[in-house]
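Novice: Residues per chain are reported as follows:
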Amino acid sequence: MELIGLANYAVYMAIFIGIYAILALGLNIQWGFTGLFNAGIAGFFAVGAYVSAILTSADVANRIGGFDLPIVVGWIGAMVAAGLIAWPIGKICLRFRSDYLAIATIGIAEIIRLVVKSEGWMTGGARGVNNVPRPFGDLEYFQSQLAYMLMVFLILGIVYFLVERQIHAPWGRMMRAIRDNEAAAAAMGKNIERRRLEAFIFGAAIMGLGGALFAHFNRSITPEAVDPMVATFLIWIMLILGGSGNNRGAILGVAVVWIIWSMSEMITDQLPQEYAIKAKYMRVFIIGLMLQLVLRFRPEGILPEPQYTDETNKEKVQRGSPASDAPTT
Amino acid sequence: MTLLELINFYLIPGVVLGSIYALGAVGITLVFGILRFAHLAHGDLATFGAFAALALVAVGGVNVWVALPLAMAICGAAAIGIDKYFYDYLKERPKILTVMASLGIALMLRAIVQVVWGVDTETYTRGIVRPETYWGIRIRDRELYTVIAMLGIVAVLWFFLKNTKWGKAMRAMSDNPDLALLSGVDNRKVTMLTWMIVGMLCAAAGFFLGLNTELKALMGWTMLLPMFAAAILGGVGRVEGAVIGGLIIGIVEEMSVLFIPTEYKAALAFAILLIILLVRPTGLLKGKVL
Amino acid sequence: MLQKATSHVLAMQEVRGGYGDADILHGVSIEVAEKEIVVIVGPNGAGKSTAMKAIFGLLKVRGGSIMVDGTDIAGWTPNRIVQHGVCYVPQVNNVFREMTVHENLEMGAFLNKGDFTEACDRVYALFPDLRERRRALAGNLSGGQRQMVAMGRALMLSPKLLLLDEPTAGLSPKYMEQIFEITRGVRDSGVSILLVEQHAKQALAFADRGYVLAAGQNRHEGRAADLLADQEVAEMFLGG
Numbered sequence: 004m005e006l007i008g009l010a011n012y013a014v015y016m017a018i019f020i021g022i023y024a025i026l027a028l029g030l031n032i033q034w035g036f037t038g039l040f041n042a043g044i045a046g047f048f049a050v051g052a053y054v055s056a057i058l059t060s061a062d063v064a065n066r067i068g069g070f071d072l073p074i075v076v077g078w079i080g081a082m083v084a085a086g087l088i089a090w091p092i093g094k095i096c097l098r099f100r101s102d103y104l105a106i107a108t109i110g111i112a113e114i115i116r117l118v119v120k121s122e123g124w125m126t127g128g129a130r131g132v133n134n135v136p137r138p139f140g141d142l143e144y145f146q147s148q149l150a151y152m153l154m155v156f157l158i159l160g161i162v163y164f165l166v167e168r169q170i171h172a173p174w175g176r177m178m179r180a181i182r183d184n185e186a187a188a189a190a191m192g193k194n195i196e197r198r199r200l201e202a203f204i205f206g207a208a209i210m211g212l213g214g215a216l217f218a219h220f221n222r223s224i225t226p227e228a229v230d231p232m233v234a235t236f237l238i239w240i241m242l243i244l245g246g247s248g249n250n251r252g253a254i255l256g257v258a259v260v261w262i263i264w265s266m267s268e269m270i271t272d273q274l275p276q277e278y279a280i281k282a283k284y285m286r287v288f289i290i291g292l293m294l295q296l297v298l299r300f301r302p303e304g305i306l307p308e309p310q311y312t313d314e315t316n317k318e319k320v321q322r323g324s325p326a327s328d329a330p331t332t
Numbered sequence: 002m003t004l005l006e007l008i009n010f011y012l013i014p015g016v017v018l019g020s021i022y023a024l025g026a027v028g029i030t031l032v033f034g035i036l037r038f039a040h041l042a043h044g045d046l047a048t049f050g051a052f053a054a055l056a057l058v059a060v061g062g063v064n065v066w067v068a069l070p071l072a073m074a075i076c077g078a079a080a081i082g083i084d085k086y087f088y089d090y091l092k093e094r095p096k097i098l099t100v101m102a103s104l105g106i107a108l109m110l111r112a113i114v115q116v117v118w119g120v121d122t123e124t125y126t127r128g129i130v131r132p133e134t135y136w137g138i139r140i141r142d143r144e145l146y147t148v149i150a151m152l153g154i155v156a157v158l159w160f161f162l163k164n165t166k167w168g169k170a171m172r173a174m175s176d177n178p179d180l181a182l183l184s185g186v187d188n189r190k191v192t193m194l195t196w197m198i199v200g201m202l203c204a205a206a207g208f209f210l211g212l213n214t215e216l217k218a219l220m221g222w223t224m225l226l227p228m229f230a231a232a233i234l235g236g237v238g239r240v241e242g243a244v245i246g247g248l249i250i251g252i253v254e255e256m257s258v259l260f261i262p263t264e265y266k267a268a269l270a271f272a273i274l275l276i277i278l279l280v281r282p283t284g285l286l287k288g289k290v291l
Numbered sequence: 016m017l018q019k020a021t022s023h024v025l026a027m028q029e030v031r032g033g034y035g036d037a038d039i040l041h042g043v044s045i046e047v048a049e050k051e052i053v054v055i056v057g058p059n060g061a062g063k064s065t066a067m068k069a070i071f072g073l074l075k076v077r078g079g080s081i082m083v084d085g086t087d088i089a090g091w092t093p094n095r096i097v098q099h100g101v102c103y104v105p106q107v108n109n110v111f112r113e114m115t116v117h118e119n120l121e122m123g124a125f126l127n128k129g130d131f132t133e134a135c136d137r138v139y140a141l142f143p144d145l146r147e148r149r150r151a152l153a154g155n156l157s158g159g160q161r162q163m164v165a166m167g168r169a170l171m172l173s174p175k176l177l178l179l180d181e182p183t184a185g186l187s188p189k190y191m192e193q194i195f196e197i198t199r200g201v202r203d204s205g206v207s208i209l210l211v212e213q214h215a216k217q218a219l220a221f222a223d224r225g226y227v228l229a230a231g232q233n234r235h236e237g238r239a240a241d242l243l244a245d246q247e248v249a250e251m252f253l254g255g
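Protein chains in written order, with my numbering: chain L, 4 to 332; chain W, 2 to 291; chain F, 16 to 255.
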């Protein structure tokens with residue numbers, strides 16, 4: 004490969020890593036800091052991608068659109084839409100254990116997939132939404148890629164900063180208390196339901212933003228881009244491997260998994276057609292297996308959650324003791 | 002539309018689909034009730050069972066009705082193995098991690114099916130089966146067998162749970178795990194027994210879905226939501242509730258095409274799930290809420 | 016078998032331990048003689064229930080000994096302790112609510128391989144009310160009857176020692192008397208009983224001997240009637 008090709012590829016990878024990192028930070032708010040199991044990341048991603056694409060693209064026949072709004076409005080729309088979808092789901096399911104949320108989010112992702120496929124008047128059906136404007140799209144190819152990469156990184160930086168600030172605020176302290184100690188959390192009563200809902204919506208909105216960045220980068224969004232299971236699962240393994248509860252860990256996990264994932268794709272694409280398809284599924288199998296191995300041998304991930312100074316001791320005791328020391332229901 | 006048309010084109014397919022959901026939902030309710038987590042690999046375990054039966058029919062050359070019990074045994078063993086190698090070591094940790102592991106297992110099982118059997122749709126038998134008509138009611142043999150087999154399997158399970166020592170131990174574990182342990186019930190044995198039964202139920206659900214429609218890698222995953230909706234609708238931990246819930250979801254899905262676009266048939270289970278969680282999270286028969 | 020030092024069914028000496036790393040019990044010693052009813056009382060957080068759980072192997076014992084019938088059972092699993100003749104009735108969630116009364120009793124004899132009709136008959140003889148309601152779901156019984164089921168379940172294996180964790184908690188005074196009555200009946204059938212009680216006065220009035228725990232240690236011990244008359248003990252439980 005030529006040097007320029009290599010540079011192109013590196014930038015391309017970096018953009019994807021940036022977008023996935025934003026999604027992983029969204030999941031980190033929900034799972035890492037709050038313990039909410041969202042198995043429908045692809046759904047919130049898709050909502051963000053489609054909403055931003057529809058709001059900002061030019062008029063096309065057979066589909067609503069032509070709003071031609073500024074891209075930033077599209078992004079805000081993406082976040083609001085993803086958050087609005089998260090709201091009723093969270094409202095209903097967060098009263099129960101996270102298992103119910105897992106089922107419901109699988110459900111909402113399925114429904115979103117159905118809507119995307121069936122409601123052609125809105126989403127363009129199988130063809131999707133095309134001609135989505137791209138920031139810096141008028142520049143020359145490499146410059147344009149580079150500019151987009153910097154923009155994604157800037158947004159990632161802002162999201163990172165916002166999440167970190169929330170985590171160190173009283174809000175974050177409360178979230179960790181809720182996650183680590185159900186009994187103490189229950190004593191806070193109604194309040195924790197609200198906090199959980201906030202975390203769920205906040206995380207979903209960030210996922211929506213990630214979707215929007217993806218759509219604008221690709222200049223289009225189609226149903227294939229939102230394969231519910233693999234997309235969702237990739238982000239999970241990224242977060243768990245990197246270290247849930249640790250934002251830097253999340254970003255590191257994204258980089259590691261995404262590089263392995265795309266490198267392995269390059270390798271399997273070299274295989275003869277017949278094996279290439281099987282190899283594609285083997286990759287999925289290995290991702291699943293990787294999750295099992297991480298859960299078993301390094302549940303805290305590469306970068307474990309930092310011990311937050313204000314409550315180091317308390318947390319150590321709570322998290323260190325096995326769950327079933329004394330029989331509890 | 003006449004009443005007979007309603008029965009032939011909506012009610013019967015609904016009951017058949019509902020029976021398939023019921024088989025799956027009973028397994029989900031057992032895992033939920035006894036092992037206390039949402040088993041997200043349930044649908045893909047059913048897919049695995051269905052394809053195991055296909056291998057026996059296509060490669061082994063056995064009759065489909067011989068393949069069913071064999072596939073159930075294989076799938077039961079697979080479920081025990083999955084628990085031993087992937088779930089068991091998580092049992093001291095928060096249950097949600099097992100839920101996560103089960104999502105990974107779902108992906109792995111599906112990948113195995115796709116690698117071994119490919120992604121084309123398959124069937125157990127070829128040719129079109131015409132329905133028989135009894136007093137104007139049109140029903141295919143396989144549809145009849147599906148409903149009868151579901152009732153038979155659930156009846157055997159019911160008898161086992163009510164009248165045998167280990168069946169009672171399973172119920173005790175579901176009812177009050179601490180007290181069951183204090184009474185000397187061996188948690189490990191109950192867990193393995195539960196997985197064996199759950200694996201068998203999964204294979205049966207997958208088999209009958211394959212028999213009545215076709216086999217494909219995503220068949221079980223698409224059943225996951227209706228199965229969970231059925232288990233929660235019936236009341237978590239309630240075997241009879243899961244059967245009722247399964248039948249309701251199946252019938253409602255088939256009837257729904259009278260009112261909403263066919264594409265959204267699959268959305269119904271989700272809607273029912275959310276409504277039941279909103280108005281009566283214990284389900285119709287007062288089950289558990291985790 | 017070692018020579019028995021005493022005729023005590025239970026003799027726990029200087030037991031220390033707790034759930035996590037921190038000790039809750041800082042040296043508790045309790046003895047129960049044959050066919051004796053012994054009550055542990057004390058303020059909230061004194062470690063009463065914890066002491067009982069220590070006997071039943073539900074928490075880490077880091078020091079001292081727990082002799083049951085001359086054998087030290089400290090560190091044993093609850094299963095093994097059950098087979099050694101100690102049964103435990105937890106304070107809450109002590110029945111299988113969705114199982115019938117009869118099935119609850121059967122679960123009590125789960126470790127027993129043989130026929131348990133005889134054991135059931137013995138329990139039903141002790142609690143005639145239960146025989147009438149044997150097909151009822153335990154969850155549908157009154158509080159007092161449910162406590163009978165819980166005790167009946169624990170008695171299925173003919174234990175030498177029965178541990179009752181606050182059997183009267185949440186019951187009306189009428190039921191409290193009934194439970195004490197039943198407990199006496201169980202003792203008369205040959206079982207030693209150790210119970211933890213919140214209602215200190217009533218419990219001391221009914222038990223043979225008592226222990227007062229405070230802050231995880233023995234504070235007072237003696238004949239129940241003496242403790243009841245003791246000025247200092249009475250002050251601890253003013254209004255209690």
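Just so you know, not all the hints are guaranteed correct.
Said to hold, decoys possible - Partial list, computed: chain W residues near chain L (C-beta under 7 Å):
(1) LEU12
(2) PHE87
(3) LEU226
(4) PHE271
Said to hold, decoys possible - Taking lysine-lysine and the DSBU-like style, the derived pairs with C-alpha atoms no more than 30 Å apart in a straight line are:
(5) LYS163(W) - LYS96(W)
(6) LYS190(W) - LYS50(F)
(7) LYS50(F) - LYS163(W)
(8) LYS85(W) - LYS175(F)
(9) LYS94(L) - LYS289(W)
(10) LYS50(F) - LYS92(W)
(11) LYS85(W) - LYS216(F)
(12) LYS190(W) - LYS266(W)
(13) LYS120(L) - LYS283(L)
(14) LYS190(W) - LYS281(L)
(15) LYS189(F) - LYS75(F)
(16) LYS287(W) - LYS283(L)
(17) LYS190(W) - LYS175(F)
(18) LYS216(F) - LYS96(W)
(19) LYS94(L) - LYS266(W)
(20) LYS92(W) - LYS175(F)
(21) LYS163(W) - LYS266(W)
(22) LYS287(W) - LYS190(W)
(23) LYS94(L) - LYS85(W)
(24) LYS266(W) - LYS92(W)
(25) LYS216(F) - LYS166(W)
(26) LYS94(L) - LYS190(W)
(27) LYS166(W) - LYS128(F)
(28) LYS190(W) - LYS163(W)
(29) LYS190(W) - LYS92(W)
(30) LYS216(F) - LYS190(W)
(31) LYS92(W) - LYS120(L)
(32) LYS94(L) - LYS92(W)
(33) LYS216(F) - LYS175(F)
(34) LYS75(F) - LYS50(F)
Unchecked claim - Chain L side only, calculated, beta carbon under 8 Å to chain W, not exhaustive:
(35) SER101
(36) PHE236
(37) PHE288
None of these hints come from the bench; they were simulated from the model.
Where a beta carbon is used, it is the ideal one built from N, C-alpha and C, also for glycine.
Novice: With reference to the structure, classify each hint as holding or not holding.
Specialist: For each hint, the structure was consulted:
1. LEU12: 25 Å, violated
2. PHE87: 5 Å, holds
3. LEU226: For LEU226(W), the interface hint holds, since the closest Cβ of chain L sits about 5 Å away, which is under 7 Å.
4. PHE271: 4 Å, holds
5. LYS163(W) - LYS96(W): 27 Å, holds
6. LYS190(W) - LYS50(F): 37 Å, violated
7. LYS50(F) - LYS163(W): 37 Å, violated
8. LYS85(W) - LYS175(F): 38 Å, violated
9. LYS94(L) - LYS289(W): 20 Å, holds
10. LYS50(F) - LYS92(W): 41 Å, violated
11. LYS85(W) - LYS216(F): The hint is violated at about 52 Å.
12. LYS190(W) - LYS266(W): 40 Å, violated
13. LYS120(L) - LYS283(L): 24 Å, holds
14. LYS190(W) - LYS281(L): Since the Cα atoms of LYS190(W) and LYS281(L) sit roughly 37 Å apart, the hinted pair is violated (cutoff 30 Å).
15. LYS189(F) - LYS75(F): Violated: LYS189(F) and LYS75(F) sit about 37 Å apart, past 30 Å.
16. LYS287(W) - LYS283(L): Distance of about 45 Å is beyond 30 Å: violated.
17. LYS190(W) - LYS175(F): Holds. LYS190(W) to LYS175(F) sits at ~28 Å (cutoff 30 Å).
18. LYS216(F) - LYS96(W): 43 Å, violated
19. LYS94(L) - LYS266(W): Satisfied, since the Cα-Cα distance of roughly 24 Å is no more than 30 Å.
20. LYS92(W) - LYS175(F): Given that 30 Å is the threshold and the Cα spacing comes to 34 Å, the pair is violated.
21. LYS163(W) - LYS266(W): Violated, at about 36 Å.
22. LYS287(W) - LYS190(W): Given pair LYS287(W), LYS190(W) holds - Cα atoms ~27 Å apart, limit 30 Å.
23. LYS94(L) - LYS85(W): It is violated: about 36 Å lies between the C-alpha atoms, which goes past 30 Å.
24. LYS266(W) - LYS92(W): 37 Å, violated
25. LYS216(F) - LYS166(W): At roughly 43 Å apart (the allowed maximum being 30 Å), LYS166(W) and LYS216(F) break the hint.
26. LYS94(L) - LYS190(W): Cα-Cα ~38 Å, so violated.
27. LYS166(W) - LYS128(F): The given pair, whose Cα atoms are some 10 Å apart, holds under the 30 Å limit.
28. LYS190(W) - LYS163(W): 18 Å, holds
29. LYS190(W) - LYS92(W): Answer holds: LYS190(W) to LYS92(W) is near 14 Å, not above 30 Å.
30. LYS216(F) - LYS190(W): Outside the cut-off at roughly 45 Å; violated.
31. LYS92(W) - LYS120(L): This hinted pair is violated, its Cα atoms lying about 40 Å apart.
32. LYS94(L) - LYS92(W): 29 Å, holds
33. LYS216(F) - LYS175(F): 26 Å, holds
34. LYS75(F) - LYS50(F): Satisfied, since the Cα-Cα distance of roughly 28 Å is no more than 30 Å.
35. SER101: Constraint on SER101(L) satisfied, holds at 5 Å.
36. PHE236: This interface hint holds because 6 Å falls under the 8 Å limit.
37. PHE288: 4 Å, holds
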